[in-house]
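Engineer: Two chains, two separate frames, one set of hints: put the complex together.
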Amino acid sequence: MKIVKTKPELCTGCGACMLACSKTLHKVEDAKKSAIRVIEKKEEPGKFDIIVCNHCGECVPVCNTEALYFAPNGAVRIDPKKCVGCYMCVGFCPNMAMTVHPEINEPIKCIACGACVKACPTGAIYMEEK
Amino acid sequence: MTANVKELRNAHKLLAKLEYQPFKVDKGYTNHSLYVNLTDKTFEIKPVTEQMKEIFIGGRGFGLWYLWNAVKSTTKWNDPENEIIISSGPIGGITQYPGAGKSAVVTLSPLTGCPIDCNVGGYFGPLLKFSGFDALEIQGKAEKDVIIFIDGNKGLVTIEEVPDNFEYYDTHQLAEVYTEMFADDEFDKRNVSVVSSGRGAENTLIGMLNFSFYDVKRKAVRVKQAGRGGTGTVFRDKKIRALIVKYKGVTGDSNAPADKQKLINAGLRLHREIYELDKLQNRMREVGTAHLVEVMNDYDLLPVMNCQYGSHPDAVKLSSDVFKEKFFTQGMPDGCWYGCSMACAKAVDNFELKTGPYKGQKVVVDAAEYETIAGVGSDCGIFDPEYVVEANFYCDTYGIDTISFGNIIAFAMECYERGIIDKEVTGGLELKFGNKEAALEVLHQMARGEGFGKIAGMGVKRMREYFVEKLGADPKFLRDISLECKGLEYSHYVSKESLAQQGGYALTNKGPQHDEAWLIFMDMVNKQIPTFEDKAEALHYFPLFRTWFSLNGLCKLPWNDIEPADNAYQPEPNKVPEHVRNYVEIFNGVTGKNITKEDIIKQSERVYNFQRIFNLKMGYGTREYDMPPYRSMGPVTIEEYESRKERYDKQLKDLGYDIEGKTTEEKLKMLREYRENQYQQLVDAVYKRRGWTKNGVPTIEKVKELGIDFPEVIELISKYQD
Chain Y
13 MKIVKTKPEL
23 CTGCGACMLA
33 CSKTLHKVED
43 AKKSAIRVIE
53 KKEEPGKFDI
63 IVCNHCGECV
73 PVCNTEALYF
83 APNGAVRIDP
93 KKCVGCYMCV
103 GFCPNMAMTV
113 HPEINEPIKC
123 IACGACVKAC
133 PTGAIYMEEK
Chain L
4 MTANVKELRN
14 AHKLLAKLEY
24 QPFKVDKGYT
34 NHSLYVNLTD
44 KTFEIKPVTE
54 QMKEIFIGGR
64 GFGLWYLWNA
74 VKSTTKWNDP
84 ENEIIISSGP
94 IGGITQYPGA
104 GKSAVVTLSP
114 LTGCPIDCNV
124 GGYFGPLLKF
134 SGFDALEIQG
144 KAEKDVIIFI
154 DGNKGLVTIE
164 EVPDNFEYYD
174 THQLAEVYTE
184 MFADDEFDKR
194 NVSVVSSGRG
204 AENTLIGMLN
214 FSFYDVKRKA
224 VRVKQAGRGG
234 TGTVFRDKKI
244 RALIVKYKGV
254 TGDSNAPADK
264 QKLINAGLRL
274 HREIYELDKL
284 QNRMREVGTA
294 HLVEVMNDYD
304 LLPVMNCQYG
314 SHPDAVKLSS
324 DVFKEKFFTQ
334 GMPDGCWYGC
344 SMACAKAVDN
354 FELKTGPYKG
364 QKVVVDAAEY
374 ETIAGVGSDC
384 GIFDPEYVVE
394 ANFYCDTYGI
404 DTISFGNIIA
414 FAMECYERGI
424 IDKEVTGGLE
434 LKFGNKEAAL
444 EVLHQMARGE
454 GFGKIAGMGV
464 KRMREYFVEK
474 LGADPKFLRD
484 ISLECKGLEY
494 SHYVSKESLA
504 QQGGYALTNK
514 GPQHDEAWLI
524 FMDMVNKQIP
534 TFEDKAEALH
544 YFPLFRTWFS
554 LNGLCKLPWN
564 DIEPADNAYQ
574 PEPNKVPEHV
584 RNYVEIFNGV
594 TGKNITKEDI
604 IKQSERVYNF
614 QRIFNLKMGY
624 GTREYDMPPY
634 RSMGPVTIEE
644 YESRKERYDK
654 QLKDLGYDIE
664 GKTTEEKLKM
674 LREYRENQYQ
684 QLVDAVYKRR
694 GWTKNGVPTI
704 EKVKELGIDF
714 PEVIELISKY
724 QD
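Heads up: the protein sequence lines correspond to chains Y and L, in order.
Residue 13 is where the first sequence starts when you use the working numbering, and the numbers rise one by one after that.
Residue 4 is where the second sequence starts when you use the working numbering, and the numbers rise one by one after that.
So here's chain L without its partners, still in its complex pose (with noise of 0.2 Å):
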């Protein structure tokens, strides 16, 4: 430790201390968590029960129910008794199974008002959990700034305020100095994670955390993001300045599975497909997630221009190979957690920034993911590598959603250029499509609060209400552009063309975010789903399948981007089902229970359902609020209708309209009616499948059959039974 960083480590003030006796993991589970308050600087250790596991199963589902029991239905995100938790999961930890090291971040959302989930990497899930603990529960506030810090090996957890000469606000500089200050040495490094955001979190409603680790082949501390909601923001909020697990002594049993055999198989089968095939396939371990970029254009799904449109010729000016050409470092095992062989995250090493507060240094960036390059970038028309990789290095360092501030950008830069604000709002820039300078300079603002960086900083849905109320914009016009959907910015997927993804996305519990489906190949490329039973059938499978990572401490990735060689021979196969047969054995192995693949999905629907009534609980949660906006729907204007005509026009044709002598505006209508009323029986035939009602309530036979019919839940669903 450098005497700088310890004089630092020695200024921190102990406020409270807890001493305990680690309990050892045992099939996945130490059965206990810790929970911390803020506001009184107290801890406790509560007993993780049977039951607890056995319907909630931990990560999400725990996050859920401690939540549920935490707040009231009136309590806002930045009441004290909000809680943030992390929980990884019965699974996360296993270092044999590649994308096994996951957290789940559970909190009530600044956008949302009801329980926001990210699934997110890093290491602190896994120590959390071989520190004793299957879930952190942190509520109140403190008054100054603090860090809570639990040793996993000596049995310690201590409340510590941060100096006031402690000038580390942002995450790449929080996730070293705390990673140096924790470690014994070099070697010690990968047993030390950090949770951290930084002043963008502080300052605007889109804050995210950042879980890190340390890779030690860069010899440079990574960090993974709980992107969605808002997490950051709550976090800043409770004054956490960092969250740190120090955890010695990881390896391959310390999960403690009933079964490690069963892991062993899996995992190895999995290893070998990845390295026979992924470069056949995704090329994971070479470009992550970017290589969707050029898929996407291809499809014309790639947000372009605030979703306007679905492709454009500059597009390959982001695509994978530039990055790994001219940024990826290549060769590296870039796993978020150890045993990922898939390897996606990708960094680009000794990145000299051009602006901001950092300008001139060189950094690692953990950059850039598709959702990334489509949100920051081709959404808002710019198509320039560079920029994408400086705008993601600091939406991290600041605590900023990519994903939300990509949205945000788009949608105010189609506002300017329709006239609808102008420089007086934007404090002078010139907010045009294209035009990088002025987004990173709203980039900068976010972080200190100010200037247009404030307004943008509400997200989507607050900003276009301030636009309607202040300036007088149409507020028809501007929902039917705005992204959002519950009050969360869109993923970057154009759903305009696919009617089952539509669904996907608004039908979803915490806001419109791809990870509960992705629907739009099978449904608009493929077409495997051609009715509205069938879509519903996927709208109820997926979205389970999905939430089932998220409860047990996995990664959706290794499940299907990558595919055994004889996958398209199986039945079912977007199931992926010898994937399927891998998570069932994992399951078993680490638990030593007996589950089917079909109790995977009860095991889901449980936690899904209960999460959907947790809306209602907050005062959303029934079909008003699934309404998606037009433009994820169809062509909103003039030259959207026109960038299309051709697929328009034919779709008008084949359903019986007559479009001779019709002006543009005269189709778009009838599209919209068409579509919209294709969208509400899409919603029917999924309420149905779901065991909900018409207005998207669970009904009291469904509650029951799930054997989450608590007292509370039943007295709350009762109401909405009609």
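With the rest of the complex left out, here is chain Y (with noise of 0.2 Å):
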């Protein structure tokens, strides 16, 4: 499967992956509801960190609901119907990929769709093999 990797000299921090990635998963245009992460580094300013999901699938086993699972393409999603909203994954997540919006009861998390990369007018996220 393809996953999204990161190029972050590339990024400029206009922050149009987070728009088109909430907008893909919630329907609304929110950097907060967002799978993907642009962050401003403290230490150099106009410099970015880029923070996605890289599918390892670490999470899985720490959800007792079994509402995290690989789906048949490899990448890992939640079932939002099982899902109760504790966060674990979110706090046992490696590269702390996953966020949470309080409106929202899973976690938000990267689906690999791709709709990030569409949206980058830098070439700062792309699709690749894991």
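FYI, nobody ran anything at the bench for these hints, they're computed from the structure.
Any given hint might turn out to be false.
Listed below are the simulated DSBU-like cross-link pairs for lysine-lysine, each with C-alpha atoms no more than 30 Å apart in a straight line [as the list claims (entries may be wrong)]:
id: 1; chain 1: Y; residue 1: Lys93; chain 2: L; residue 2: Lys27
id: 2; chain 1: Y; residue 1: Lys94; chain 2: L; residue 2: Lys157
id: 3; chain 1: Y; residue 1: Lys39; chain 2: L; residue 2: Lys251
id: 4; chain 1: Y; residue 1: Lys93; chain 2: L; residue 2: Lys30
id: 5; chain 1: L; residue 1: Lys596; chain 2: Y; residue 2: Lys45
id: 6; chain 1: L; residue 1: Lys596; chain 2: Y; residue 2: Lys44
id: 7; chain 1: Y; residue 1: Lys93; chain 2: L; residue 2: Lys220
id: 8; chain 1: L; residue 1: Lys530; chain 2: L; residue 2: Lys605
id: 9; chain 1: L; residue 1: Lys44; chain 2: L; residue 2: Lys242
id: 10; chain 1: Y; residue 1: Lys93; chain 2: L; residue 2: Lys605
id: 11; chain 1: L; residue 1: Lys220; chain 2: L; residue 2: Lys251
id: 12; chain 1: Y; residue 1: Lys142; chain 2: L; residue 2: Lys220
id: 13; chain 1: L; residue 1: Lys30; chain 2: Y; residue 2: Lys39
id: 14; chain 1: Y; residue 1: Lys44; chain 2: L; residue 2: Lys30
id: 15; chain 1: Y; residue 1: Lys94; chain 2: L; residue 2: Lys251
id: 16; chain 1: L; residue 1: Lys16; chain 2: L; residue 2: Lys147
id: 17; chain 1: Y; residue 1: Lys93; chain 2: Y; residue 2: Lys19
id: 18; chain 1: L; residue 1: Lys27; chain 2: Y; residue 2: Lys94
id: 19; chain 1: Y; residue 1: Lys14; chain 2: L; residue 2: Lys220
id: 20; chain 1: L; residue 1: Lys656; chain 2: L; residue 2: Lys672
id: 21; chain 1: L; residue 1: Lys157; chain 2: Y; residue 2: Lys93
id: 22; chain 1: L; residue 1: Lys707; chain 2: L; residue 2: Lys605
id: 23; chain 1: L; residue 1: Lys320; chain 2: L; residue 2: Lys435
id: 24; chain 1: Y; residue 1: Lys45; chain 2: L; residue 2: Lys27
id: 25; chain 1: L; residue 1: Lys600; chain 2: L; residue 2: Lys578
id: 26; chain 1: Y; residue 1: Lys94; chain 2: L; residue 2: Lys220
id: 27; chain 1: L; residue 1: Lys27; chain 2: Y; residue 2: Lys39
id: 28; chain 1: Y; residue 1: Lys45; chain 2: L; residue 2: Lys30
If you anchor each label on the Cβ, the simulated ranges turn out as follows [claimed, not checked]:
id: 29; chain 1: L; residue 1: Glu57; chain 2: Y; residue 2: Lys53; range: 46 to 56 Å
id: 30; chain 1: L; residue 1: Glu453; chain 2: Y; residue 2: Cys68; range: 53 to 63 Å
id: 31; chain 1: Y; residue 1: Asp91; chain 2: L; residue 2: Asp324; range: 47 to 57 Å
From the three backbone atoms N, C-alpha and C, an ideal C-beta is built for every residue, glycine too.
Structural biologist: Below is the structure:
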């Protein structure tokens, strides 16, 4: 499967990826509801970190409702019908790649759809085999 | 549902039903409770008032308040007016913070005659709340065995008679069958929780309650225990076979918090701490509380042979690594409520039973916690992990408290070895330390209500009285070696060398249980509380702080079984200040109130003092009931003294005693005189700090300050104010 990979040095911090992501996942353009996060480096203004799930699956056994699972294409997905919004997986993600919004029960997580990549004007994110 | 279960479901006879409009949760409360009377088969929905919430908060507080109003000073545990109250608490049911699905169980204890409170995991309390009730209050007694079923989606409560051909009496079967019976399908099993007990609870005074949850990954019903004080005995006396609650639709919003972001922030911080630090600290996710076995053994605090000793070379056979490698299934999300990343509820899968009525069956055992390993294992001189798991399973399914069971067998074994009882009393059992077959046989006898098991099932206090009365045993010596106070068996830490912990046990409201205060390291190892005033302060703060968990539906373990990396550098690291801040934040996040960390102590202090006064109402609650057995304070026998001769000799010398040429017996006497005197001074200091009289009764000034000056309270304590 292809996952989102990053070249942070090309990122301008425009945030288009976050809006595309939240629109795809939650039908709203709201960076706080995006599964990909662009964060300006404190020590280097104008430079950015891009944080997004690499679908490693370490979160899957952490979940006690089996809400997290490997989809047939290899992506780690969340079943909202099973999720009780405990966010253990968020705290146990090695890369801290999941996020939480109080209006949304389940964690906000990348589904490897590529919508963010299409929205990126600089090529700072791209799809590549896992 | 299998055909057989469906038939059994239909065979249950409806005795009474209540249809109701489920009350919505608002900021942690539904503001209603459910009262069920099993004698009259009636129901009542009661309002939970603002005053109740302000003074008693929830959980144990609500339980004590309902029980206070239900019983008279003359009420006994098996009178119909005794109640069982189950209540979680305002925070109970949130999914974002570890350890937030607990229920408090309150009833009059068959062992102590006073209120007992237990803090138990499993899904019942939260699902009860989401079904519309902050508390379930059960009074009266049924004529034949019944179940109470609550359907929180439909708004239906039923009392149903169990059919004669329903041949399930023990928890591992009851919890499974009722989960199967009331779940629509496999997926729905997670929405069902069953409270049950077993045959042991019918035939002993140490019965406990199992609260279930469905383990989705194992596809198995798991149980957690409201263990102490005989809750299961009361349950079976009321002829309750099971309580079942069903609620579909749990989410992170079910507890309707005022400010969810606060819960998210605190929860994520703690999840991350556990992720990063648990493997370096207590390894709760790998081995649960079993890690304590080696720690206690190393510090000479592990009960060995009825607490004569504090360590044993064979203790290594019961160490957590043995359980990890041979028994505990690893890598499972073993939380007893959603969101508990501490996940200490370890389980042994596919355990083949070697004895008893279920011999040969392969079962999932919720085993083994430290208290059980120490109680049924080392304290009985048994260092066999297979035995521990087997005894753990049978205690659980029979509805028997492992802590009391371990203590009872250890006491009986010491009596046997000292010739106080013999095979005539034990029915032929050679009840020597280490005899695991004999110990298991007593357990099975307890369940059947037969033989020596019947005597042992009365608990250490009544067993001692029986030995004195029937066999002419020396009452003073037997008192010294019986690890019970107020009628409740001690939990399993050797407190001999820690004065503060002696108080931590014997000054408890419900009886000697470490959930009020665990001060041994602070006192004995780190020497942080040297003076009486320091110890009194610790015996004021920690019991109150820990009380707060059971008012709110919380577990104690995520408070200090994981600590932030910089905790040691914080002021008062023993209090784990960052986690206290988390609790303030989640309480405020749920309720929308604005409490401080000082308010946590104030909230608890109201309930704690009320519970103390409740003991007084029941004819106890004064200084004389706070006296520990000498075995918990120092060496009773010559061999105990000599096992720590260096320590005791040095202590006496440092104190200025002339021990030259003195026999061990003489030194024992000196040490005892000194330690008993120290204990009395400790009690004085603690009572003073708690705002109690010299007789251990809260002063009128204190109850007024706390706002628990109800007329009945004032009338009661007025008699004890000199």
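Engineer: Which earlier hints turn out false for this structure, listed by number in ascending order?
Structural biologist: 10, 17, 31
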